[in-house]
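*Asks:* Protein chains in written order, with the numbering used here: chain A, 1 to 510; chain B, 511 to 964.
Some clues are possibly wrong.
DSS-like mimics (lysine-lysine), calculated; alpha carbons at most 27 Å apart, straight line [what the hints assert, rightly or not]:
hint, chain 1, residue 1, chain 2, residue 2
1, A, Lys171, A, Lys195
2, A, Lys212, B, Lys818
3, A, Lys408, A, Lys195
4, A, Lys171, B, Lys726
5, A, Lys212, A, Lys195
6, A, Lys195, B, Lys818
7, A, Lys212, A, Lys171
Bear in mind the hints are in silico, worked out from the structure with no lab data behind them. Quick caveat: nothing in here was measured; it's all calculated off a predicted structure.
Now for the letters of each chain:
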Amino acid sequence: MTLTQTPMQAERAETIYEKSKPGRRAAVLPDAEVPETPLEQLIPQHLLRQEAPRLPEIAEPEIVRHYNRLSRRNFDLDSGFYPLGSCTMKHNPRLNERVAALPGHARLHPAQDPRRAQGALELMWLLQESLGEICGLPHVSLQPSAGSHGELAGLLLTRAYHAERGERRTKVLAPDTSHGTNPASVTMAGYEVVKVATNERGGVEMDDLRAKLAENAGEVACLMLTNPNTLGVFDENIEEIAALIHETGGTLYYDGANLNAVMGQSRPGDMGFDIVHVNLHKSFSQPHGGGGPGAGPIAVSERTAPFLPRPQVVRREGDNGHGPFFDLDFDRPQSIGRLRGFQGNFGVFVRSYAYILSLGADGLAEASETAVLNANYLKAKLADGRAGERLPIAFDRHCMHEFVLSGKPMKDQLGLATLDLAKRLLDFGFHPPTVYFPLLVDEALMVEPTETETKESLDAFAEAVERILAEAEDDPELARQAPYTTPVRRLDEVRATRRPVVRQQLGEPA
Amino acid sequence: MLAAIGVDTVAELFDQIPEPLRLDRPLELPEGLSEAEVYERLAALAARNADAESEVCFVGAGMYDHYVPAIVDAITSRSEFLTPYTPYQPEISQGGLQVMFEFQTAMSELTGLPVSNAGLYEGPSSVASAAYLAIGATGRRRFVVSRGVHPHSRETLATYSVGYGAEVVEVGLEDGLTDAAALAAAVDGETAAVILQSPNFLGAVEDVGALGAAAKEHGALLVVACDPMTLGVLEPPGAQGADIALGEGQPLGNRLDFGGPSFGFFCATEEQIRRMPGRIAGETEDVDGRRGFVLALQTREQHIRREKATNNICTAQALNALGAMVHLAWLGRHGFRELGELLVRRTAYARERLAAVEGVELLHAAPVAREFAVRLAAPVDRVLDRCAERGIAAGYPLGREYAEYEDGLLVAITERRTRAQIDDLAEALGAAIAAERVELVNQGLTNSTEEALG
Numbered sequence: 001m002t003l004t005q006t007p008m009q010a011e012r013a014e015t016i017y018e019k020s021k022p023g024r025r026a027a028v029l030p031d032a033e034v035p036e037t038p039l040e041q042l043i044p045q046h047l048l049r050q051e052a053p054r055l056p057e058i059a060e061p062e063i064v065r066h067y068n069r070l071s072r073r074n075f076d077l078d079s080g081f082y083p084l085g086s087c088t089m090k091h092n093p094r095l096n097e098r099v100a101a102l103p104g105h106a107r108l109h110p111a112q113d114p115r116r117a118q119g120a121l122e123l124m125w126l127l128q129e130s131l132g133e134i135c136g137l138p139h140v141s142l143q144p145s146a147g148s149h150g151e152l153a154g155l156l157l158t159r160a161y162h163a164e165r166g167e168r169r170t171k172v173l174a175p176d177t178s179h180g181t182n183p184a185s186v187t188m189a190g191y192e193v194v195k196v197a198t199n200e201r202g203g204v205e206m207d208d209l210r211a212k213l214a215e216n217a218g219e220v221a222c223l224m225l226t227n228p229n230t231l232g233v234f235d236e237n238i239e240e241i242a243a244l245i246h247e248t249g250g251t252l253y254y255d256g257a258n259l260n261a262v263m264g265q266s267r268p269g270d271m272g273f274d275i276v277h278v279n280l281h282k283s284f285s286q287p288h289g290g291g292g293p294g295a296g297p298i299a300v301s302e303r304t305a306p307f308l309p310r311p312q313v314v315r316r317e318g319d320n321g322h323g324p325f326f327d328l329d330f331d332r333p334q335s336i337g338r339l340r341g342f343q344g345n346f347g348v349f350v351r352s353y354a355y356i357l358s359l360g361a362d363g364l365a366e367a368s369e370t371a372v373l374n375a376n377y378l379k380a381k382l383a384d385g386r387a388g389e390r391l392p393i394a395f396d397r398h399c400m401h402e403f404v405l406s407g408k409p410m411k412d413q414l415g416l417a418t419l420d421l422a423k424r425l426l427d428f429g430f431h432p433p434t435v436y437f438p439l440l441v442d443e444a445l446m447v448e449p450t451e452t453e454t455k456e457s458l459d460a461f462a463e464a465v466e467r468i469l470a471e472a473e474d475d476p477e478l479a480r481q482a483p484y485t486t487p488v489r490r491l492d493e494v495r496a497t498r499r500p501v502v503r504q505q506l507g508e509p510a
Numbered sequence: 511m512l513a514a515i516g517v518d519t520v521a522e523l524f525d526q527i528p529e530p531l532r533l534d535r536p537l538e539l540p541e542g543l544s545e546a547e548v549y550e551r552l553a554a555l556a557a558r559n560a561d562a563e564s565e566v567c568f569v570g571a572g573m574y575d576h577y578v579p580a581i582v583d584a585i586t587s588r589s590e591f592l593t594p595y596t597p598y599q600p601e602i603s604q605g606g607l608q609v610m611f612e613f614q615t616a617m618s619e620l621t622g623l624p625v626s627n628a629g630l631y632e633g634p635s636s637v638a639s640a641a642y643l644a645i646g647a648t649g650r651r652r653f654v655v656s657r658g659v660h661p662h663s664r665e666t667l668a669t670y671s672v673g674y675g676a677e678v679v680e681v682g683l684e685d686g687l688t689d690a691a692a693l694a695a696a697v698d699g700e701t702a703a704v705i706l707q708s709p710n711f712l713g714a715v716e717d718v719g720a721l722g723a724a725a726k727e728h729g730a731l732l733v734v735a736c737d738p739m740t741l742g743v744l745e746p747p748g749a750q751g752a753d754i755a756l757g758e759g760q761p762l763g764n765r766l767d768f769g770g771p772s773f774g775f776f777c778a779t780e781e782q783i784r785r786m787p788g789r790i791a792g793e794t795e796d797v798d799g800r801r802g803f804v805l806a807l808q809t810r811e812q813h814i815r816r817e818k819a820t821n822n823i824c825t826a827q828a829l830n831a832l833g834a835m836v837h838l839a840w841l842g843r844h845g846f847r848e849l850g851e852l853l854v855r856r857t858a859y860a861r862e863r864l865a866a867v868e869g870v871e872l873l874h875a876a877p878v879a880r881e882f883a884v885r886l887a888a889p890v891d892r893v894l895d896r897c898a899e900r901g902i903a904a905g906y907p908l909g910r911e912y913a914e915y916e917d918g919l920l921v922a923i924t925e926r927r928t929r930a931q932i933d934d935l936a937e938a939l940g941a942a943i944a945a946e947r948v949e950l951v952n953q954g955l956t957n958s959t960e961e962a963l964g
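Work out the full structure, taking the sequences as your base and the hints as a guide.
*Replies:* Structure follows, in C-alpha cells:
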C-alpha cells in the first residue's frame, strides 16, 4: 500500500485560535448612544472582569474560510449513504429549514403572552395531536429535549403514578441488549435496573421475564422496550408481555428509536405501551446537526396523563362565536413539573410538523413500508456472495426497518474485525453502519438504510462490502490499516481518555 | 426488489406483526401536501405570532433578542454541519469535532474554568445535571438554591430531584440579591451543592465569591448559572470560586425560536472532569502523527457505563454550539467585551430613564448588567397589553413566577434596543400606567379616590 497523503491530510488542523492575530476583528457594533460612564461606577470593581476572555481576533473572510474548511472535514448525509442503525438517517427536507426560519417562528420570544403566540401554540397542539394519533396514545408532551430526556420523563411519570397510588416501587426491567441510555435514565430516576434476558430473536425471553417479575414481586415499576427490537425484528409476544406487566401494576415504556418501521402500520399504544418517546430527529426528519438538536416528545395513556410535565399546550374552546384559544396550562397539580426551560425545542416542532403535513397519513405509512422494503432488500443483497458467508444475518427472518449482521465469521476466517470493515467503508465513501451494537451479537453491524435511499445506493453499498471482503481474502492488512483517504487516519482514542486535552492552551498575547 | 427479497408484496414483510396489532385503517391525519401548500400553511401560523421583528422586544428572562450575524446562518446551514450524526467515526467527523474543541475552549475562557463539555440541552436542565454531578462528587443529597436562580431552573431541579432522592432548600432574596445570612444558615455538612445565578433572575449581579464561602466551608460544590453575554465584563465564575459554571447558551448565536433549540454550556474544575455530563471532544493524533480530535472520556458515558454513567444525556446540541462559536469568533476578543460594555451602559440608561417615569420605581437597587426589575403602580398585565398595542413587548411580568413581585416587571436590553426605543418604552409605560390609574379612579377603586370621597 502506498501512503501518499491527500491534500487534506497534508494540511495540519489549525484551530481558529491559532489563526488569531492581535487587532483583527469582524464585528462592528452599534454606537452606545448613551453616556460612556466608567463601568466601575455602575458595578463594583471587584465584580468586574479585568482581562477580556481570549477569544480569537480574526476578520470575517477568514472566519468563513476557517469553518468552510472545517466543514469539508465532515462526512454528512447530504454527501452519501449513512446506514447508521437505530439512528434513522433519512433525508432532511430543506423546506423545513425555510419555514423554521420565518421570523414568526425564529424570532418569537418564548415568554410571549399566549394571546400573541397563537400560531406557535396551535402548531404545537397540532403536532401533539398528530403524534398522539401515530403512537395510538392520546396525551402528548412536547417538552423533552431528546430521546433520553423522554426516557427520564417517562420514568418520573411512572414514579408519580405509583406514588399517587401509595406505592413505592424500586425496580425497572430492561433487556440486557437495550440502548445504554435506558439504564442510565433508570438510575437518574432513582430506580435500580433489573436485566431481562433476550432470546435468539432479539425479543424478550419470556421465561426470564416471568422469573424476574416473580423474584421482584410488587417491586417492578416499569419495563422499557423497543419494538421492533434491537435486531430489527418485531417482538410477536408483545401482547403477552404487556399483559404480564399490567397484571403486576407496572407501566410499559416504548423507546421510540425504532418508530420509523411502524408509522401507520402498527401503534405502540395498541401494542399495550403506556408511555412512548418519539425521536423527532429520527422518524420526523429534524436534521441531526452533528449531535443535536433533536426533541423527544412523549405520548402517554390515560392513566399516566395527569402527571405529564408542565406547562402543557391545550386547546380551549371559544365562546361567543370566538374560535378556539390555544394556551399553556400550568394548572396541573399532579404534574411531575418542568423538565427544562420554556416550552421545548419549538424549532424542531416546526420542522417535524412540516414533515407530517408534507407526507400526510398515506405518506407516513408509505415511508415505513419503503424503509422496511429497503432494509429487506439490502439484507437480501448482503446475504449473497462473500457477505452472506462472512457476515451472516444475526437472525434470519424478514426484518423491519433495520437488520443486524455478525462479523464473527469474518473475524475468525479473515482476521478482520467489524471495526476494520467499518473503517475501510470510509474509503469507499460510505458512512459505516452502527458497530458493536446490539451487544448480544458478536462483532455486530446494525444497518438501517431508511426509506429515502434509492436501489442504486443500496446496490453500491452491498458492492463495496463485497469488494472489501474480496480484497481482504488477498490482503487483510489493507482493511486493518484503513482508512487511507479520510482527512485523518485512525486516531488514538485511548490517549484522549487517559490524558485528556479538552481545550486549546492559549498564551497571553504580546 | 421484491424478487430479490423473495416476496410478492411489501405487505408480506409486515406479516411478522400479529394481525390484531396491525392498524387496519389509515392514520387520522390529513392527506399529504405539496411543498408550496406546506409553506403557506406554516407561514399562516407564523403570521399569528407577534415576534421580535414585528414588535420591539424588551423581554428577556433567560432568552434575549440579540443580533445574530449573517455568517452564523451561512455556516450552520451548510449540509456538512447540518446533516451528520454524532461524530462516532472521528476520521470523517474532524470538522464537527474540532468545532467542539474550539467551543470548549471559548466557554472555558468565558467562565474561567479549565474544562468545558460540548454542550447540553439548554440552561435549566444543565442546573439539574450539575446537581447530579454534585451527588456523585460529595455523596450528599441536599441542594441549597437561591431564589435568584431562574424559576425554570429551580422547577427543573425540583423535578429531577424526585428521581435523585434529593432535598432542595431555597434561600430568599433581599433587595434583589441572595440573602447572604440565610444562605450561610442553610448550608450544612449534608449539602452537596450551593446553586447561585449571576446576574440573577432579577438582573442583579451577585457577589458570588462572598456568597460561595458558605459552600467552601462545608465542602459543598459551588454551582453558578451565568449569562454568557455578560462574561466579557463581569468577573468569571471560575475566578470567584465556582466549581461548576453553566447556563443558557441562547444569547450566543442562537435564535429565540419560542424557547428552543438552543444549548446549555457546562464548565468545571479539573477535579470534576471524569464526572462531567455530555460529550467532550479531545485532541489526539492519528497513526501517522497528524493532529486530530475525538470524543474523549467516553468511559463516563451511557453507551459504555450504562446504569453507572455520569448522566443519560448524549445530545450536545452541536449545531447550536457551532452557532455560538461562530458568533463569538465574529465578535472576537475585543468585540465581545465592547458588547458587554454596551449592554451595561444602555441598561444603566434604561433603568434610570424608566425610574424617572411616574408610576415606575426600581424593584431593587443592586448593580445590574443587562436586565433590571421595576415595580409598576398599575396592574402589570394591563400595562403590558397597552404597550403591546403600541408595538412594544415591554418586559416579563414577574408575578408569573414570584407571588411577592406581583407588581414587578423585568426589562431586558440587547444591542438591538436603541436609545430611541428605550425612550419610547419609557413614554409608553408612563402613558399606560397613567391610563390605568385614570380607569381605576373612574371605577372608584383606589384608596386615593376613597380618601378623596372621604
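*Asks:* All hints, please: hold or fail.
*Replies:* Quick rundown of the hints versus the structure:
no.: 1; hint: A:Lys171 <-> A:Lys195; verdict: holds, 10 Å
no.: 2; hint: A:Lys212 <-> B:Lys818; verdict: holds, 21 Å
no.: 3; hint: A:Lys408 <-> A:Lys195; verdict: holds, 25 Å
no.: 4; hint: A:Lys171 <-> B:Lys726; verdict: violated, 36 Å
no.: 5; hint: A:Lys212 <-> A:Lys195; verdict: holds, 8 Å
no.: 6; hint: A:Lys195 <-> B:Lys818; verdict: holds, 14 Å
no.: 7; hint: A:Lys212 <-> A:Lys171; verdict: holds, 10 Å
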